[in-house]
Structure formats: structure tokens, C-alpha cells
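Q: Residues 1 to 247 in UniProt numbering are what the sequence shown spells out, letter by letter.
To be clear, the hints were calculated from the coordinates, so they are not data collected in a lab.
Source: prediction; values computed, not measured.
Just so you know, not all the hints are guaranteed correct.
[Claimed, not checked] Pairs of lysine to any residue residues, derived as SDA-like cross-links and limited to a Cα-Cα distance of at most 25 Å, are as follows: (1) K127 - R96; (2) K69 - P79; (3) K127 - R26; (4) K50 - D206.
[Stated by the list, open to error] Computed beta-carbon distance windows for the label pairs: (5) A35 - A123: 17 to 27 Å; (6) P65 - R145: 43 to 53 Å; (7) E36 - S142: 23 to 33 Å; (8) D132 - K69: 39 to 49 Å; (9) H140 - R41: 31 to 41 Å; (10) T161 - P126: 28 to 38 Å.
Using N, Cα and C, we set each Cβ at its ideal position, and we do this for glycine too.
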Amino acid sequence: MFAQILRYLSPFNALESFKKAFAERRCPACLKIHAEKGLCRPCLASMEAKPENICMVCGNEHNSPDADKLPCISCQTVPRNFSRLYFYGMHQGLLRQMLLDWKFSNQYGYNQIFGQFIASLCADLPKDSHPDLIIPVPLHSSRLRERGFNQSMILARFAATTFKTDLSEQALIRERKTIPQTRLSGAERRTNLHTAFTASPSIVADKRILLIDDVYTTGSTVDECARTLLEAGAARVEVMTLSRALI
């Protein structure tokens with residue numbers, strides 16, 4: 001079944017899949033007819049699955065009886081600059097493939113689906129985690145021109161609408177172009193990103209910030225963003241992503 005899903009999600013077929021989905025109430029991932037709009041329940045279930053116990057800070061698998069009270073060993077050893085990660089599902093299978101198609105094959109039809117995922121995460125947040133300000137992880141201007149859109153900004157708009165709170169693209173800027181993180185180690189990622197971002201104190205000071213990105217891998221990008229925001233006076237930074245890689 002998964003091979004069939006990947007075939008339907010190929011760049012060549014994705015747009016046609018969405019046309020059929022909206023016309024015939026077909027799942028845009030597997031193309032099976034079902035009763036509701038959007039993704040079918042089996043496809044949704046495959047994306048929502050998470051480990052039973054995860055770190056209360058970074059979201060990594062944390063097989064400890066105190067997982068809901070203490071961070072994982074990694075977060076205790078090297079504390080994160082953000083206080084918590086919220087994510088929709090694991091970066092694997094169907095969710096991973098859809099994210100890749102969205103980012104690199106211009107599958108804009110996924111905007112609404114992923115936006116709804118973020119909105120559902122926001123709706124489930126406890127009241128003390130509601131932010132004063134939503135900030136997307138920024139792209140460098142040259143990367144934005146190449147890709148044509150910032151996927152984090154699209155997600156951030158859905159979060160801001162759900163919370164009915166402010167959204168800022170100017171609060172955090174990517175000043176320095178960095179090499180792609182994909183093939184770098186954790187240490188190389190941190191070095192690559194050091195001083196890549198600048199934040200505006202006049203916008204972020206004393207704000208409880210929700211930082212939005214699409215994928216959390218090692219956490220280097222969002223941690224550097226959080227460090228920059230805290231140094232500019234932010235009161236707190238929490239992170240929300242669509243997916244989280246297990247490493």
C-alpha cells in the first residue's frame with residue numbers, strides 16, 4: 001500500500017490527485033473514496049503515531065518512568081534554549097513524503113492540510129502555553145527566491161489565526177546564508193548556524209514566543225533561533241513543527 005501511496009504523491013501525479021480528491025471526496029494521499037473531505041482516517045492515523053514516552057522538552061523518545069517530569073539525558077546535559085517542542089507526527093512514511101513533495105516539488109495543495117495539522121496542535125495546547133507572538137523560522141532571502149515560498153510562514157499564519165495573536169516576519173531575520181543542513185552532523189549544524197540569525201528587541205522583548213518550523217531533526221536550527229530571541233529579550237520560546245525525526 002505504501003508503494004502505491006508514494007506513486008500517487010509523485011510530483012507528476014500530485015496535482016491531479018488533489019483535483020480528484022476535491023471532486024470525488026477521495027483521499028489526496030491514497031485516492032480512496034471516503035466520507036469526509038481531506039485525508040482518510042488510515043492515512044491520518046499513520047501520521048499521528050508517536051512513541052508512548054517522549055521528552056517533555058525536545059520530544060525525543062524517552063523511556064523513563066519520569067518522562068513526564070524530567071527532560072531526557074541529552075536535554076539535561078546540554079539544556080535547550082527553547083522550553084518545549086510540540087509536533088504533529090514522526091518524520092517518516094507518508095508524512096515525510098508529503099513534506100518533501102511540499103517543500104521541493106511545489107505541491108501547494110498541501111498548504112491547507114498541513115495548516116490544519118498545525119491548527120489542531122494549537123487548539124490542544126494548555127492555556128499557559130498560549131503565545132503572545134508567532135514567529136516563523138526565516139529563510140535567507142536568496143533561498144526564498146529559489147524556493148518561492150517559506151513553508152514555515154504558511155504554517156505560522158494558521159497558528160496565528162488559531163490563537164488570534166500577532167505574527168511577525170520582521171522579529172527574526174536570517175542574515176547569513178548557510179549551507180544546507182541535511183548532510184551535516186549535529187556539531188556541524190550548530191557551527192553552520194552560529195550567528196546566522198538576528199532578532200529585533202523592540203518586537204520580541206518580554207514576549208512569550210511560539211516559533212514555527214516544518215521539521216525538527218537535531219533541533220539545531222530552532223535552538224539557535226531561540227537563543228537569538230532570548231538574547232533579544234524574549235520571555236520564553238516554545239517550538240512547534242509538523243514532524244519530528246527520531247535520532
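Q: Each of the hints needs a verdict: does it hold here or not?
A: Hints and how they fare:
Proposed proximity of K127 and R96 is contradicted: the alpha carbons are some 30 Å apart, above 25 Å. Restraint check for K69 and P79: the C-alpha separation of about 15 Å stays at or below 25 Å, so the hint holds. For the proposed pair K127 and R26, the alpha carbon gap of about 36 Å is over 25 Å, so the pair is violated. Annotation: proposed proximity of K50 to D206 is violated, straight-line Cα distance about 33 Å (limit 25 Å).
Evaluation of the 17 to 27 Å hint for A35 and A123 yields a pass: the beta carbon distance comes to about 22 Å. Restraint check, P65 to R145: a C-beta distance of roughly 50 Å satisfies the suggested window 43 to 53 Å. A hinted range of 23 to 33 Å is violated for the C-beta pair E36 and S142, which are about 41 Å apart. At roughly 27 Å, the beta carbons of D132 and K69 sit outside the given window of 39 to 49 Å.
Between H140 and R41 the Cβ separation comes to about 39 Å, which falls inside the hinted range of 31 to 41 Å. Roughly 19 Å separates the CB atoms of T161 and P126, a value that falls outside the hinted 28 to 38 Å.
Hint compliance for this structure: hints 1, 3, 4, 7, 8, 10 are broken, all remaining hints hold.
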